[in-house]
Amino acid sequence: MAHNAKVASTTMANMMNQLLVVLAAGGFIKIYTGRQPGTAGGAVDDSNVLLVTLALANPAFGYASSGVSTANTISPGTAVVNGEASWFRMFAADGVTALLDGTAGVGST
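Residue numbers for the sequence shown follow the numbering used here, so the first one is 6 and each next one is one higher.
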């Protein structure tokens, strides 16, 4: 498995982002506590508690530029339980097809 992968060009990054724009349209983001699975889309285990599900717009992101896609409006969800966010999983509109996982938590502005 590749670690610390880097995209060779902005053109390639834009193309990859644009694919996510298409796949994530009308999809969801689920935010969990606990340890993030070792692979994207890997099994959620007993250490993971679903905190909230957020709905993505359709389209979910604007067109990629300079290797970046900015999210359109993300509908606020209702918290299932209180807890500390540690990771998220983004799903396609079917709510089943996992697109990517990432870390989550308190950020700064």
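None of these hints come from the bench; they were simulated from the model.
Careful, some of the hints might be misleading.
[Claimed, not checked] Computed list of lysine to any residue pairs in SDA-like fashion (alpha-carbon distance at most 20 Å, straight line):
1. Lys11 to Asp106
2. Lys11 to Asp50
3. Lys11 to Ser70
4. Lys11 to Leu24
5. Lys11 to Gln23
6. Lys11 to Gly107
7. Lys11 to Glu89
8. Lys11 to Leu105
9. Lys11 to Asn22
10. Lys11 to Thr108
11. Lys11 to Met21
12. Lys11 to Ala69
13. Lys11 to Leu104
14. Lys11 to Ala30
15. Lys11 to Thr44
16. Lys11 to Val49
17. Lys11 to Gly82
Given pair status - methionine 21, lysine 11, alpha carbons within 20 Å: Roughly 12 Å separates the two Cα atoms, so the pair holds.
Hinted pair lysine 11 and threonine 108, Cα distance within 20 Å: 18 Å, holds
Restraint check for lysine 11 with alanine 69, where alpha carbons must lie at most 20 Å apart: Holds - the C-alpha atoms of alanine 69 and lysine 11 are around 17 Å apart, at most 20 Å.
Pair hint lysine 11 and leucine 24, alpha-carbon separation not exceeding 20 Å: 17 Å, holds
20 Å limit on alpha-carbon distance, applied to hinted pair lysine 11 and glycine 82: Cα-Cα ~33 Å, so violated.
Pair hint lysine 11 and glycine 107, alpha-carbon separation not exceeding 20 Å: 16 Å, holds
Lysine 11 paired with threonine 44 [C-alpha distance capped at 20 Å]: Cα-Cα ~18 Å, so holds.
Distance restraint between lysine 11 and valine 49, which requires alpha-carbon spacing of 20 Å or less: 27 Å, violated
Given pair status - leucine 104, lysine 11, alpha carbons within 20 Å: 19 Å, holds
20 Å limit on alpha-carbon distance, applied to hinted pair lysine 11 and alanine 30: This hinted pair is violated, its Cα atoms lying about 25 Å apart.
Pair hint outcome, lysine 11 versus glutamate 89 [Cα-Cα no greater than 20 Å]: Not satisfied, since the Cα-Cα distance of roughly 30 Å exceeds 20 Å.
Hint consistency between lysine 11 and asparagine 22 [alpha-carbon to alpha-carbon, up to 20 Å]: Given that 20 Å is the threshold and the Cα spacing comes to 14 Å, the pair holds.
Violated hints, listed in ascending order, are 2, 7, 14, 16 and 17; each of the other numbered hints is respected by the structure.
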